[in-house]
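Colleague: Listed here are the chains, written in short residue letters.
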Amino acid sequence: EAQVTQNPRYLITVTGKKLTVTCSQNMNHEYMSWYRQDPGLGLRQIYYSMNVEVTDKGDVPEGYKVSRKEKRNFPLILESPSPNQTSLYFCASTRAGGGQPQHFGDGTRLSIL
Amino acid sequence: DAKTTQPNSMESNEEEPVHLPCNHSTISGTDYIHWYRQLPSQGPEYVIHGLTSNVNNRMASLAIAEDRKSSTLILHRATLRDAAVYYCILSRGTSGGSNYKLTFGKGTLLTVNP
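Those sequence lines, one after another, are chains A and B. Start counting the first sequence at 1; every next residue gets the next number (our numbering). Start counting the second sequence at 114; every next residue gets the next number (our numbering).
Looking at chain A on its own, in the form it has when it is part of the complex (with noise of 0.2 Å):
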């Protein structure tokens, strides 16, 4: 089945204390991202890849780090969490061309206290 996976689903923890959230796509994408949602905000962008080795900032990428080893993965990586970075985080994947539709994992909701 085609899918987004990311790991964990749900995680509190405080603040300072490094995190990394995975995230797996099986469809052989080029393109994945990830986005945070927040109330009344949306889904906004943080990081992008446009393919292994290739990043480059959303609109809000402070706070955070990504990398792209392998086509397939794409983690998110808070060096030094903050409160303000507690939402709930998607990642998606899409193949590069116009017009292509994202696929979203279900999301992990961070807490940080």
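For the record, the hints were derived by calculation from the structure and aren't laboratory data. Incorrect hints may appear among the rest.
Straight-line Cα separation of at most 25 Å, DMTMM-like style, residue types lysine to aspartate or glutamate; simulated pairs [as the list claims (entries may be wrong)]:
(1) B:219 to A:59
(2) B:219 to A:53
(3) B:116 to A:38
(4) B:116 to A:56
Every beta carbon over 10 Å from chain B, so not counted as near; a handful from chain A, in silico [stated by the list, open to error]:
(5) 4
(6) 17
(7) 43
(8) 82
Quick caveat: nothing in here was measured; it's all calculated off a predicted structure. Backbone N, C-alpha and C fix where the C-beta goes; we use that ideal spot for every residue, glycine too.
Keeping the supplied structure of chain A fixed, place chain B upon it in accordance with the hints.
Modeller: What follows is chain B alone, placed relative to chain A:
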């Protein structure tokens, strides 16, 4: 990015058709019109997309105005499982296009009454 305008909310009855409107008066010639929906506690789900012609798939139909400045997502028979937030989004379709990024607005909250 070109902007879309949708009603904040709409209500429908089960097994009746639903027409969800979207205005995108600043659409450019290469912009695709996408519809996604987000069910409670889930990630956005692709519904349908089109460029100029009307489109049908197993989930819905997309009717695009001749001038492309508006579109309508049609759910032919709404079910309780169709209750969700529906997003109308434009994505640039140029070569090497920017389909890696979708700009989500607030969408339309669809309520389906039994």
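Colleague: Now tell me, hint by hint, if it's right for this structure.
Modeller: Status of each hint after checking the structure:
1. Taking the CA atoms of residue 219 of chain B and residue 59 of chain A, the gap is near 17 Å; set against the 25 Å cutoff, the hint holds.
2. For the proposed pair residue 219 of chain B and residue 53 of chain A, the alpha carbon gap of about 33 Å is over 25 Å, so the pair is violated.
3. In summary, the hint linking residue 116 of chain B to residue 38 of chain A is supported, as the alpha carbons are separated by about 20 Å, within the 25 Å threshold.
4. The hinted pair formed by residue 116 of chain B and residue 56 of chain A meets the criterion: a straight-line CA distance of about 23 Å does not exceed 25 Å.
5. At roughly 8 Å, the least C-beta separation between residue 4 of chain A and chain B is not larger than 10 Å, which violates its mark as non-interface.
6. The claim that residue 17 of chain A is not at the interface with chain B holds, since no C-beta of that chain comes within 10 Å of its own (minimum 25 Å).
7. Not every CB of chain B lies more than 10 Å from the CB of residue 43 of chain A, the least distance being 4 Å, so the non-interface label is violated.
8. At the 10 Å boundary, the C-beta of residue 82 of chain A stays outside the reach of chain B, the nearest C-beta of that chain being 24 Å off.
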